[in-house]
Amino acid sequence: MNDTKNKLITMLQLQGEMNCWVHENWTDQGFEWYRAIWIEASEMLEHYG
Numbered sequence: 003m004n005d006t007k008n009k010l011i012t013m014l015q016l017q018g019e020m021n022c023w024v025h026e027n028w029t030d031q032g033f034e035w036y037r038a039i040w041i042e043a044s045e046m047l048e049h050y051g
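The opening residue of the sequence shown carries number 3 in our numbering; numbering runs sequentially from there.
Just so you know, the hints here were simulated from the structure itself, not pulled from any lab data. Cβ atoms here follow ideal geometry from the backbone N, Cα and C, with glycine treated the same way. A hint or two may mislead.
[What the hints assert, rightly or not] Here are the in silico distance ranges between beta carbons for each label pair: (1) Glu48 <-> Leu14: 30 to 38 Å; (2) Glu26 <-> Tyr50: 28 to 36 Å; (3) Asn4 <-> Phe33: 29 to 37 Å; (4) Lys7 <-> Glu48: 29 to 37 Å; (5) Ile41 <-> Gln15: 17 to 25 Å; (6) Gly18 <-> Leu47: 15 to 23 Å; (7) Asp5 <-> Asn27: 15 to 23 Å; (8) Asp5 <-> Gly32: 32 to 40 Å; (9) Ile11 <-> Tyr36: 17 to 25 Å; (10) His49 <-> Glu19: 29 to 37 Å; (11) Asn4 <-> His49: 14 to 22 Å.
When you get a sec, could you build the whole thing from the sequences and use the hints?
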């Protein structure tokens, strides 16, 4: 795996752990997670340049 893919996997694992800490069944809540993904992706692009 390349470095970018490893970083992405690590980021998603950490986010999943945090979400579980907040609510064990976060995946079953029916929230519109795509909105959070959009925000995170835009923040990533801001850091990238």
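Out of the numbered hints, which ones does the structure contradict?
1, 4, 7, 10
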